[in-house]
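Produce the entire structure from the sequences given, and follow the hints as far as they go.
Listed in order, the protein sequences are those of chains X and A.
Take 1 as the starting number for the first sequence in my numbering and just add one per residue.
Take 1 as the starting number for the second sequence in my numbering and just add one per residue.
This list has only true hints and no planted wrong ones.
Here are the simulated BS3-like cross-link-like pairs (lysine-lysine), alpha carbons at most 27 angstroms apart as the crow flies: (1) X:K144 with A:K169; (2) X:K378 with X:K363; (3) X:K373 with X:K206; (4) X:K373 with A:K169; (5) A:K180 with X:K363; (6) X:K133 with A:K180; (7) X:K269 with X:K206; (8) X:K75 with X:K112; (9) A:K169 with X:K351; (10) X:K305 with X:K285; (11) A:K180 with X:K127; (12) X:K363 with A:K172; (13) A:K180 with A:K169; (14) X:K351 with A:K172; (15) X:K363 with A:K169; (16) X:K305 with X:K288; (17) X:K86 with A:K39; (18) X:K208 with X:K351; (19) A:K39 with X:K52; (20) A:K172 with X:K144; (21) X:K378 with A:K172; (22) X:K378 with A:K180; (23) A:K172 with X:K359; (24) X:K75 with A:K39; (25) X:K127 with A:K172; (26) X:K127 with A:K169; (27) A:K169 with X:K208; (28) A:K169 with X:K220; (29) X:K169 with X:K208; (30) X:K296 with A:K172; (31) A:K39 with X:K79; (32) A:K169 with X:K378; (33) X:K144 with A:K180.
No wet-lab data here; the hints were simulated from the structure.
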Amino acid sequence: MRAVRRTLIHGAALGVALILAACGQEAPKPADKPAEKAAEAPKPPPKPEPLKVAFAYVGPVGDGGWTFAHDTGRKEAEKEFGDRIKTSFVENVPESADAERVIRDMASQGNKLIFGTTFGYMEPMLKVAAEFKDVKFEHATGYKSADNMRAYDVRAYEGAYVAGMIAGKMTKSNTLGFVASIPIPEVIRNINAFTLGAQSTNPKVKTKVVWVNKWFDPGKEAEAATALINGGADVLLQNTDSSAVLQTAEKMGKFAFGWDSDMTAYGPKAHLGSSIINWAPYYKKAIKEALEGSWKVETNWWGMKEGAIDVISLGEMVPAEVKKMAEDKKAEIKDGKFHIWSGPMVDNTGKEVLAKDAKGDDKFIAGIMFYVKGVEGKVPSGK
Amino acid sequence: MPRLEARPAPSPLMGYLAPVLALGLTVVFGTLLFLALGKSPVAGLRVFFVTPLETLRGWSEVGLKMVPLLLCALGLAICYRSNVWNIGAEGQFVVGGIAAGGVALLAGADAPRAYFVIVLAGGIVGGLAWAGVTAFLRDRFNANEILVSLMLTYVGGLLLIYLVNGPWKDPKGFNFPYSKTFDAAAMVPRLFPGTRLTWGIVLAVVVLAAVWLFLARSKAGFRLAVAGHAPLAARFAGFSAREGIWLSLLLCGALAGLAGALEVAGPLGQLTPQISPGYGFAAIIVAWLGRLHPGGCVFAAFVMALIYIGGELSQSRLGLPAAITGVFQGMLLLALLTADTFIHYRVRWR
Numbered sequence: 001m002r003a004v005r006r007t008l009i010h011g012a013a014l015g016v017a018l019i020l021a022a023c024g025q026e027a028p029k030p031a032d033k034p035a036e037k038a039a040e041a042p043k044p045p046p047k048p049e050p051l052k053v054a055f056a057y058v059g060p061v062g063d064g065g066w067t068f069a070h071d072t073g074r075k076e077a078e079k080e081f082g083d084r085i086k087t088s089f090v091e092n093v094p095e096s097a098d099a100e101r102v103i104r105d106m107a108s109q110g111n112k113l114i115f116g117t118t119f120g121y122m123e124p125m126l127k128v129a130a131e132f133k134d135v136k137f138e139h140a141t142g143y144k145s146a147d148n149m150r151a152y153d154v155r156a157y158e159g160a161y162v163a164g165m166i167a168g169k170m171t172k173s174n175t176l177g178f179v180a181s182i183p184i185p186e187v188i189r190n191i192n193a194f195t196l197g198a199q200s201t202n203p204k205v206k207t208k209v210v211w212v213n214k215w216f217d218p219g220k221e222a223e224a225a226t227a228l229i230n231g232g233a234d235v236l237l238q239n240t241d242s243s244a245v246l247q248t249a250e251k252m253g254k255f256a257f258g259w260d261s262d263m264t265a266y267g268p269k270a271h272l273g274s275s276i277i278n279w280a281p282y283y284k285k286a287i288k289e290a291l292e293g294s295w296k297v298e299t300n301w302w303g304m305k306e307g308a309i310d311v312i313s314l315g316e317m318v319p320a321e322v323k324k325m326a327e328d329k330k331a332e333i334k335d336g337k338f339h340i341w342s343g344p345m346v347d348n349t350g351k352e353v354l355a356k357d358a359k360g361d362d363k364f365i366a367g368i369m370f371y372v373k374g375v376e377g378k379v380p381s382g383k
Numbered sequence: 001m002p003r004l005e006a007r008p009a010p011s012p013l014m015g016y017l018a019p020v021l022a023l024g025l026t027v028v029f030g031t032l033l034f035l036a037l038g039k040s041p042v043a044g045l046r047v048f049f050v051t052p053l054e055t056l057r058g059w060s061e062v063g064l065k066m067v068p069l070l071l072c073a074l075g076l077a078i079c080y081r082s083n084v085w086n087i088g089a090e091g092q093f094v095v096g097g098i099a100a101g102g103v104a105l106l107a108g109a110d111a112p113r114a115y116f117v118i119v120l121a122g123g124i125v126g127g128l129a130w131a132g133v134t135a136f137l138r139d140r141f142n143a144n145e146i147l148v149s150l151m152l153t154y155v156g157g158l159l160l161i162y163l164v165n166g167p168w169k170d171p172k173g174f175n176f177p178y179s180k181t182f183d184a185a186a187m188v189p190r191l192f193p194g195t196r197l198t199w200g201i202v203l204a205v206v207v208l209a210a211v212w213l214f215l216a217r218s219k220a221g222f223r224l225a226v227a228g229h230a231p232l233a234a235r236f237a238g239f240s241a242r243e244g245i246w247l248s249l250l251l252c253g254a255l256a257g258l259a260g261a262l263e264v265a266g267p268l269g270q271l272t273p274q275i276s277p278g279y280g281f282a283a284i285i286v287a288w289l290g291r292l293h294p295g296g297c298v299f300a301a302f303v304m305a306l307i308y309i310g311g312e313l314s315q316s317r318l319g320l321p322a323a324i325t326g327v328f329q330g331m332l333l334l335a336l337l338t339a340d341t342f343i344h345y346r347v348r349w350r
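Written out as structure tokens, the structure reads:
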């Protein structure tokens, strides 16, 4: 009988191993869509070789959020340039030593323009960029560049602000919840913008934050959302990559927003609107420059003005006057009449961060490491 | 109704053939999978089993991937042979990486070239200490080592997140949760210029030989094996069960910690919130696929490394989804478990 038990233990241990190995790769997700076919039949030779463009994604293209938005941008660029370019992607590339191999492989496969779409690829991309001088590297959300590598980002906080305005009007408990990923300025300023937007329509609002330390982890995101709702939050926003927060709000009868992509379909009753990123204009610009030879190292930080950020698909439960208010604010942000980071602004310890009439410039915005008044808690390890 | 009946004497030969059989079945199912996805199975299998090995760089990447899998699997094989169910090699790997990273961060620009030796030693100590916690709790309080070692894995992961977000964060890094990049002297030297493969693989081969000798030739290894196969006999012979627990867990911790050190002081070069894509867990599969035998573990680590890399390549070359890696690993395991079941049981129709 001992042999039987041993075998059973082996079976159980192996089963656990498989599950854990799968979790380690962060493969599982509910709403995976079939990957787009990247390899097509070879074309007749006379045309010039297409520019090969590759994308490295941190999550699956079916995450319904961040990576999905990048992939939509890739497809639109493909549509725009037709057979002048040939794109491919690798999804679920962990922010570990594997990223360097994937990116180097892209370069050695003849890709001349490579996009890395998460901040964790910064060091690996720098290493590969030093080796492949004839390849152009584009790194999303980072801060380092090289002769053939530049950084790009979007002003997602503009969308967070408008979402906050709606949240301020829709909350009954005056408590908002924010599921946050990794405590870098990008995420912290979205928490702040969301809170500032909410306070502009409802001064009593406060925001609770839960950090999950991951970009894409639907399980953890849902847990964090549940914790926030149990803590009294009735409108949620997230700076993570999946639709889990919205789905949790839907299940628990609260409100939430879509982030990065239009998430209406994931929770129609809970969905107040989606703050989306449209990467297509930037990807078209970068590819055009690479095709024309005008690509140069610069930093591009695009927002509503350039059509990179928008808040769309506002839900039916949002009253018409709130919708109008959101639209008006979007227009003001677009034409530069409204600046979110305007003094007087104090952090949540009461310290003044922007004096009266002062405006935070891009350097200020890039270095935001404090919570504004109304956000509860402390920035992890923030000074 | 078919019924499973234990075989009186499972065939040892089939025991060794099962992994090969499992690999064969995986290839068959893989072929069907590629057909179902509308891809040429030849091209698909080529990407998995040939393309990664076409260049020196390809071999070096497979080797780089094999080192952590092999080291963790060797440690786990020692544990499982002695009936100690450590599934926390992942945590021991991470804490080894943390300890090594801590030593590496202290290096300074004028550290001698041999400094990396201390870094590796730090990793060994870190992994050993982490496994020691499990051993202590099991030995002192009879706490279940499966649960303790697994839970400590998450504690280790959170410790890493705390450190890179807090005290070890690069002060010039805009609060990005990364440590500084290590000084050159703290890094394990490269084996071939132009590749990422380090002397770690040579070290892994040395460790492999040592573990082999330990298990096959040493008295302590023999005692572990007896304790694993027949705990009562081991007790009757006066072998200490405590020795088995401590020895196997500490060895495994040391090896997993070394693997973590080789990773952070090798391809990574800094501490990041995630230093392992799940090597410690994947190594459980490697250990079983390798029949808990050091030589078998080499074969199994090689196959697993190929599947990892082949999965990536099948995305960029064939446009297949990333889930293909998990599907292949799953097929391999399922086939192995099925084969094992039929080695230990036969089907009776009633």
